[in-house]
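For the sequence shown, UniProt numbering assigns the number 1 to the initial residue and increments by one for each residue that follows.
Be a bit skeptical, because a hint or two may be false.
Cross-link-like lysine to aspartate or glutamate pairs, in silico, EDC-like; alpha carbons within 16 Å at most [claimed, not checked]:
#1 K262 <-> E342
#2 K270 <-> E347
#3 K600 <-> E435
#4 K672 <-> E655
#5 K695 <-> E610
#6 K600 <-> E444
#7 K262 <-> E337
#8 K688 <-> E603
#9 K284 <-> D393
#10 K270 <-> D393
#11 K268 <-> E345
#12 K270 <-> E334
#13 K640 <-> E693
#14 K270 <-> E345
#15 K688 <-> E615
#16 K270 <-> E328
Hints in this document: simulated from the structure, not taken from any laboratory.
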Amino acid sequence: MNRTRLLLALVMGGLIGTFFALDLGRYLSLGALQAQQAAVAQWVDSHFVSASLLFVLIYVLSTALSLPGASLLTLGGSAVFGVAWGLLLVSFASTIGATLAFLSARFLLRDWVTARFGDKLATFQSGMAKEGTFYLLSLRLIPVFPFFLVNLLMGLTPIRVSTYYWVSQLGMLPGTFVYVLAGSELGQLTSTGNILSPGLMVALTLLGLMPWLIKKLTAHLALRRQLAPYRKPTRYDYNLLVIGAGAGGLVTSYIAAAVKAKVALIEKHKMGGDCLNSGCVPSKALIRSARFAAEQRKADELGFSPSHSRADFAAVMERVAEIIKEVEPHDSVERYEGLGVECIEGEARLVSPWEVEVNGQRLASRHIVIATGARPLVPNLPGLDQVPYLTSDNLWLLRTPPRRLLVLGGGPIGCELAQSFALLGIPVTLVELSEQLLPREDREVANALAGQMSRDGVRLLTSWRAERADYLPAAEGDLSIRLQLRRGDETQVIEGDQLLLALGRIANVSGFGLAELGVELAPRGTIAVDGFLATNFPSILAVGDVAGPYQFTHFAAHQAWYAAVNALFGQFKRFRADYRVIPAATYTMPEIARVGLNRKDAEAQGTPFEATRFELAELDRAIADGERHGFVEVLTVPGKDTILGATIVGTHAGERIAEFVLAMRHGLGLGKILGTIHAYPTLMEGNKYVAGEWKRAHQPTRVLALLARYHRWRRGA
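Hey, can you work out the whole structure from these sequences and the hints?
The structure is reproduced here in structure tokens:
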């Protein structure tokens, strides 16, 4: 706590302590007010301005310090100043005092609360950012909720001070008016508890709910107008209809069939979507071949004569195709029809919030889930339309190795593919606009990967922008693709015979009736969904890459559970999708995996953290395997073992991150990981050892010093 906070806390504590030490509360009792009413009223008549200012000062101070007696001050104000002037004074004094209490709570407590409970309060804070005005107005209008608690709690939220002031002024007015009216009959009151009768309490509570009721009614009327052009079916062909058979669509339909709903899955291309046919499966098959090439380069290190075998590129790509075929049955029509899913091959088109047209037939379903995925981003680069470029969609058709491969994009896809091709003996140049590879990762992580990729033969050009692409077909053996690059005032031209675009992916939101129906899109181009994965049409939901915010296969499957359950059972209970603990992995060499915050995220969000690291060079299994390069780093709440995030750089990082995902998902700290037995020697021990490093840095030094003295005494020393 800095000096200013400490000084404010001491002043407030001193004032509150003085109030109770001098028993000043005795002057704020009903009996005291009634006994002194006549004398005070006479003094007010002769010193009206001074009395008004003094009353406001006392009221503001009492409210700002959250002292008891605000209701009695309100009664007294109207008793001696009259209803109209008393209402005016009390209304402004109470709001000013409440705002001061709000600001004090924000200044003294918000940083501390955010540092320790920020992850648990994230949903609440997000709600306050969007609906803070409604929350505050309702709380102010409901008299059963203590106003001083409203002041303290709201100080911990992001609500604007100006908003807090005017909403408080408005929201407290009805309750203040009731007390002011009661104060005009102060002599007849026997208890402050008689002021708010049960009927009046109910009336004020309903008034407090009015903003929400109006909002709900407005939303209901807007939805009715939105649905008015469409006739709701009287019967449905399906309980759930899913468009897109990628990871999100497959898992959604699987869950629906498992609970015996009638479900149809529509796919216009191939079952399994991008993950099976052009993404996760083929890329990992390629990476496995590249890893073997990398292992051969380490032959002498492992006790073998140097190996000089060369990759057969066509055979490698044929193996990739075979792997796809081998995995295909897991996502096949036969398997899913055996599970109870009706699979329909065709191009779907939304024609109403409950109906889809496919193969000339109109199908009705109570709910529709859109899982149409995403496609590679093709930039608006001059000349690119004349270049026969590659993307992750058509890359797998190659059978002749590129003579020089140009890669645009240094994200996970670009890095994985560039490194793999280089390890297969193909010259590769990678261009990245940012100043580092993997822009979302910490600089040190990106540098570790960049160093390895350079050693593997990838030419890295970071901070360079592609300004033009040209295709110049020439004699056999010449390089036909040229990219013009710029970095500040510098320019250069690079050449290759194949260009791979790896600049990210954009959601597939066009071509199947979304725009015509009026389904809203988010600013980033994905389908806009609420926390329950519903679009602006409650009967239509979306999951996976087309909905975001992450584009991972495992994230799409995670969303699918919420979409299926909310669609089928939402009339009883809906579940808000939980995105708090989402792991990510980049399958380069070294692998990079993380969950939660890294240093870059924490610093950008202003989240305090402690970083604890364990180097793989100290891990026995990593030494034995010749995989010494890398580390495990964990961010924790300062002074606590609560995990904010973990990053692993090194072999099999994608597998090893799971322990931290489990710990964060279930609120387990590093102490629990340290207390878990890990088989020896394994790479997973690195997770335990980083927990040990944290424990060593947080030793109870005083206790240990006492123990040392105890042991010396036991030795007779």
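Is the Cα-Cα distance between K270 and E334 16 Å or less? Given pair K270, E334 holds - Cα atoms ~13 Å apart, limit 16 Å.
Holds or violated: K270 with E347, Cα cutoff 16 Å? holds (12 Å)
Pair hint K262 and E342, alpha-carbon separation not exceeding 16 Å: holds (8 Å)
16 Å limit on alpha-carbon distance, applied to hinted pair K270 and D393: Satisfied, since the Cα-Cα distance of roughly 12 Å is no more than 16 Å.
For the pair we were handed, K600 and E435, check the Cα-Cα distance against 16 Å. holds (14 Å)
What's the verdict on K672 and E655, does the C-alpha distance respect the 16 Å limit or exceed it? This hinted pair is violated, its Cα atoms lying about 19 Å apart.
K695 paired with E610 [C-alpha distance capped at 16 Å]: Satisfied, since the Cα-Cα distance of roughly 12 Å is no more than 16 Å.
Below or equal to 16 Å on CA atoms is what counts here, so check K600 against E444. holds (10 Å)
Hint check: K262 vs E337, CA-CA at most 16 Å. Holds or violated? holds (12 Å)
Quick one, are K268 and E345 close enough, alpha carbons at most 16 Å? holds (5 Å)
Between K640 and E693, does the CA-CA distance stay at or below 16 Å? Distance ~13 Å between K640 and E693 Cα, so the pair holds.
Please verify whether K284 and D393 have alpha carbons no more than 16 Å apart. Between K284 and D393 the Cα gap is close to 15 Å, so the pair holds against 16 Å.
The structure shown violates the earlier hints numbered 4 and 8.
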